[in-house]
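So the sequences go chain by chain: A and B. Start counting the first sequence at 1; every next residue gets the next number (UniProt numbering). Start counting the second sequence at 1; every next residue gets the next number (UniProt numbering).
Derived from the structure by calculation, the hints contain no laboratory data. Don't take every hint at face value.
[Said to hold, decoys possible] Below 25 Å or equal to it, Euclidean Cα-Cα: the simulated PhoX-like pairs (lysine-lysine) are:
no.: 1; chain 1: B; residue 1: Lys398; chain 2: B; residue 2: Lys61
no.: 2; chain 1: B; residue 1: Lys133; chain 2: B; residue 2: Lys374
no.: 3; chain 1: B; residue 1: Lys123; chain 2: B; residue 2: Lys375
no.: 4; chain 1: B; residue 1: Lys524; chain 2: A; residue 2: Lys75
no.: 5; chain 1: A; residue 1: Lys75; chain 2: B; residue 2: Lys135
no.: 6; chain 1: B; residue 1: Lys123; chain 2: B; residue 2: Lys398
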Amino acid sequence: MTTLRGPRETMPAAGPAAGRRREPGTRRRLRRDAMSLVLVAPGLLYFLIFHYGALTGYAIAFQDYVPFLGLTESKWTGLSHFIRLLADPAVWSAVGNTLAISALQLVFYFPAPLALALLLHSVTHDVLRRFVQSVVYLPHFISWVIVVALFQEILGGAGLLNTWLADNGLRTVDIIGNPDAFKPLVVAQIIWKDCGWGTIIFLAALHTVDEHLYEASAIDGAGWWRRLWHVTLPAIRPIIVLLFILKLGDILSVGFEQIFLQRNAVGPEAAEVLDTFVYYAGVLGGDWGYATAVGLLKGIVGAVLVYAANRVAHRMGEQGVYR
Amino acid sequence: MSAIDRRTLLRFAGIASLAAWGVPSLTGCASGGTGSVSNTGRDRTPWPVHRRLEGPAPDLKAGVDGALDAFFRYPATLSRSADQPGDGSDVTAFIPTYGPPPAPVESNRLWQAINQALGVNIKLNLVPISEYKSKLTTLMASNDLPDIIMIMPVPRVREFIAASCADISDYVGGNRVADYPNLANLPTVSWQSMGRIGGKIYGVPLSRARAGNALHINRTAYDAAGAPLQWTAEQFFESLKAVTGGRMYGFGAVSEDLGMPYHAASHKAPQQWRLEGGAFVHMSATEEYRAAIEFAAKCFQAGYYHPSSKTGTLADIMNLYYSQNVGAVMGNFMNYANGIYIDRVGDRFTTDLALSYGDGHWLGTGLFGYTVFKKASPERVKMLLRICDFLAAPFGTKEHELVNHGVEGVHFTRGDGLLQPTEPAAAENRNSLPIGRYICCAPEYIFIPGKEQQVRHAFDIQNTLLSKGIANPADGLASPTMDADGERLTRELADAVNAIITGRAGMSTWDAAARRWRDGGGAKIADELAAEHAAGR
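Looking at chain B on its own, in the form it has when it is part of the complex (with noise of 0.2 Å):
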């Protein structure tokens, strides 16, 4: 346990020295150099062309780009979109879960149904998300890999793309995509946002509201406050002292980031990048970020922030907000619009979205990861791909039912405009088998059982946060710095911006820290975002 490191790192070496006196043939092929990754210069293929499936129609239409489509009532009669695309074989699957691990595929009747749908057999390795980077980073060096693999941004990924995984710009490049007509349906902006390595197509996007994350909030607890829904800085800190008192804090984060997001956000502070006249101005060097940083530390130092926000994971500082120990926590805008933090919350309080105290609010990228495939025989690619296909079958399919909600009679019934999970369902669902979730899936959409007034809710709020929405315009953008020490930049960034926030440092610290952050690489990264930039999307 003390060990770890070199417990890790020799195991690590241990099955690294193996793969490379086993089959070096497999990683013969790559170039070892870091300008592999980089799109600057090279051919670059179209993105998939975008294909709008027309399903059920929308009680509340999106209007603004980026805007997700409104539901009140679940529809009464579904489409099909896909063919059954699996060939009988086993399909092995690295993915990330949030929930409790599923019941072996022998005793469940979901995976069983979706084995059968898909005509495949699919192997799962579930990795829990919080360990879910690391574990990545080891794999990487596996040189068993799975037919499917998950990706979330960690170091040199994208070299381990080019070399190791199968390049699919022939089968979704530009108008080929219409072979798979769902994957046609994800939002061009959810391809974009992952980008291309060295000019070519490699994975499929698991696409996400381009809301983002944004601050949900006890509106019982701020409405005896007086806080109002478009909040200034001043207004919001009065709230924060109002509604904190005995158990009560106003304000909860996790130690990460401290709620930096929304403060920055709510100062217009660019989403770690701006771009000026061509050229990439990170966040750390912009008045705007200074000032967020400012703010956040005078709210935490007046004690508004709950103190477990300098241990707290995102699970811990949930419960305090479900507990009402916490009024105000930053999480994803989609569990609002989808009804879990009602349904969690339930007649205890309101749960509710709150705007940014200011005119910004940072965007999602449009997505969660993306899903590359090992290499293999275009054949068997193809069938990968027509899998993920088959679970990006949009709202209204019965492919779409099947992968998030189950088998009718089984795990559901089918009830006034929802669907009224049976106790099969408890255990046998999406959260524990997010085959529907991690593998492909399809784009989001709002929908809350049997509560129109909060989905009409939840589609205004989408407005007017995308319309003061700010993007990170390096999203999709390749860097082989940024690859190679990205991560390590931004935590020696988020430590200090803490150390400031939390008072254990000053604000003077921060020029110094920012000095370090493009010092010791950040302007290298500048630049070559700013060549990749200028080369196109």
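So here's chain A without its partners, still in its complex pose (with noise of 0.2 Å):
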């Protein structure tokens, strides 16, 4: 903003006054960041068209919309999807168990990656440590079809686990297609396959600690909590803060394949989340109008999160997201 307003500032001394440093005309401006804005110009291009330009979709919100009759003809009907939203149990329901994996995955899911990368960042023995790293990140490789597959296999009904189980004359547990285990089930499945994934932010970020530090602490005699306490941790808090701030923005959205694959295994009242309520609704029910509503409300709910929580991080002299 401030670079914006400058040259109009300046602009009353254009004259041959006093020797200032004249500000270049647009042109010349133009022509000295050509390159620069070349650069720029298909990133910017690419939020244009695939960010904002897309956001026009949203109308259909607002509309009866039939997907042959486009944006133009389809009838519109104001608010009546939002007010029909507030009234719907099963968007509640989904409200409720969005909130609930959501809240479960920041208490779980969330510091597993720190967790594991100050184990990895702890390994000194390098060739041990890439090894661990590569491990830990295949999983995020692998689909959820497979991954939801393979839960299904070790923990089903009539998986490894209770085949075992029932071959050695034990009882066996429900975990698969059980309801009350539904929401720690997909918490753990997202740990087993993005915890790895997940460390490389923070191992970055470890990296870039003060080696001198640690020496001081240590030859303070700080123990290796002290040392994570008192250097590690704050060192490395904008980037938590960071992690945390976008991690709440996208709060709504819980995983939509994962979750979609295990729904008709527990029933909608367990598993039914914000996204396949959008999907069954939309893309299957052909309820446009009133799926891109609820897609729209978590759309709202996700951007006042990020700057609530970015207004929080500021107060707290961190920098967030953005200032």
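Assembling the complex is the task here: the two chains are given apart, and the hints tell you how they should meet.
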């Protein structure tokens, strides 16, 4: 902002006055920055078309949208979808499930990569560390279809665990297909799949911590725990806060495929989340307007959370996501 | 991945808005109102007059209405039933597939031969069946339609067809279908189940056996349990109990329905709807359906269902059936009657068909889906219809042999009363290249190469199933509310049924679920169907 305002403030000094440095004109500045502008253009276009341009699609939320009629010919219905949404128990059940899974993810999944990164960082044997790193990254590249199938093969009613229990005359356990176990199960799955991948940013941050601080604190007699508490964590706090805020913005997105694949096993009461609700109502149910209204609500809640969390971070003296 | 809803919607919206800005004229003729699909109060095009083509004499001739002929041997002499229909142009088609993708046309001799016989260059957009409905919904929003689209019931699809597809009433209605003898040979019930839209005919049905779905069972296991062919509910339950043990479970089902069609039919519940004095009564309002849910829940909670039934797709459950972990599973009757399951099971056990454990059997609708055409000049639409006519050539014709078995000497050799597939047929076949299945196809027939005894058995079972048949009186009737909300209502009801069967909810929740269905749009659908029905098929 300030750079834009700059030239106008200096305009009156356009004359030969006082040998102050002249701000270059728009054309000159364009010529000067041509290369940077060319470099920035593709990214800018990408955001304009695929992020901002596509936002016009949210107009669907205010229409009885019929795909083959398009935005211009579909009937406008004002806020009717939003009024219906407020009174729809299925939406609120989905909001409840989403928040419950999200809360479990924040408590159990968010710190898991940090803990793993600290462990990896403390491994000094280079070859061993790289090997472990590669192994823990791998599950990230396995598709959810396979991950869910793996969990079913191991924990399902006819899976490895229960077959073994039954063969040994023990009581079998009902995990897959048990609505009460569903939420912990999906959090366990995401930890198994993405915990290793999540360590990348933390590991990079850990490498930036000044080694001298560790040495100095060690000389002062600080043990492993004190070094972690007084050196490591304060040093990577901005990164933790940044990731936490971004996670908050995503709080209503708990993973479509993963939950979609397991929804039938436990029923919508336990497993319908906003993402699957939108899919069933919109893509399969053809109720595009309503589904978009629910999706829009989700987007707004996410944006508000990011904004609020960012403000809180500033209050606490952190950089946050943006100033 | 986690934001698929937003991304999909946005991409969708982008396409939609581009379409809306680009060529509004194409969609301009649509009424936009939901009433346009109804046939009530409209002049209705007469159904194509059925003219049976006399092909090779069947070994067992269908006597019952809706039954298929059966053959012991592949016909020794073939007739011709269509000329080359094409004009050398490209023809694009959007159809589903159950098989692996085909080799490209340049190296695919089957595809080349079909193109040559048709006189066009067929370009396929093949979509795996599991994704077909969502892809079709997306296609409906696009401005760039292929020449041929296979239709399955998705929300508002009839409105889409009325707005964007060619009306073929003037080409196939009444006696005019005589120009396309193979289409005139399709059973009338297939056309009727497809239904008219706004009184007009827009599609050509993909005809299927009326026997519909039946219970496939591991006869070896059930014989050991002493299960009779015609069983009662108690005998069925006791057989499940006897068969279940170790790795084997008596019953397996897909998670969407948990075998309810079998239980409901056995309890003689209506197939979706029952006509009572001109009024449409939904199955959810009947005592029979309630009893079926109770019985299914009893079987499930006794542990006779394979646990994968909670999560499994049909492919998963079928694999469990082949590996003898599941003793019985609902599936297409034809998969027995054309020998597919018999082939897959081999010598490991005897795969068989079971009757219901009561007096009812839910009939098939008589069609898999139907084919519609992009609006075009009359000449082009007629050419596309001639292509369909060629593909609908019945068993015992050269056209049928080419489309379904390929080229003699390349894909098969002629054996004694059967065609022996050659090695290239393992990759180039009608599964990977389902032009003759999902663009248009011949009426079905019972033929299991080299297995006369099983052919006789399938024929008998078919007749028994048809004699117990319960049809859905709403087949082919248009209801704007069903078109818009049917999918959601059906899913909500199925969710409630699943919760009761698996024990997550008690039977006491059923009345509330049925009421939600009725008040959420079901009652309105019933009224619309009754009005349609009163206006006549």
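Going back to the hint list, which numbers does this structure go against? Of the numbered hints, all hold.
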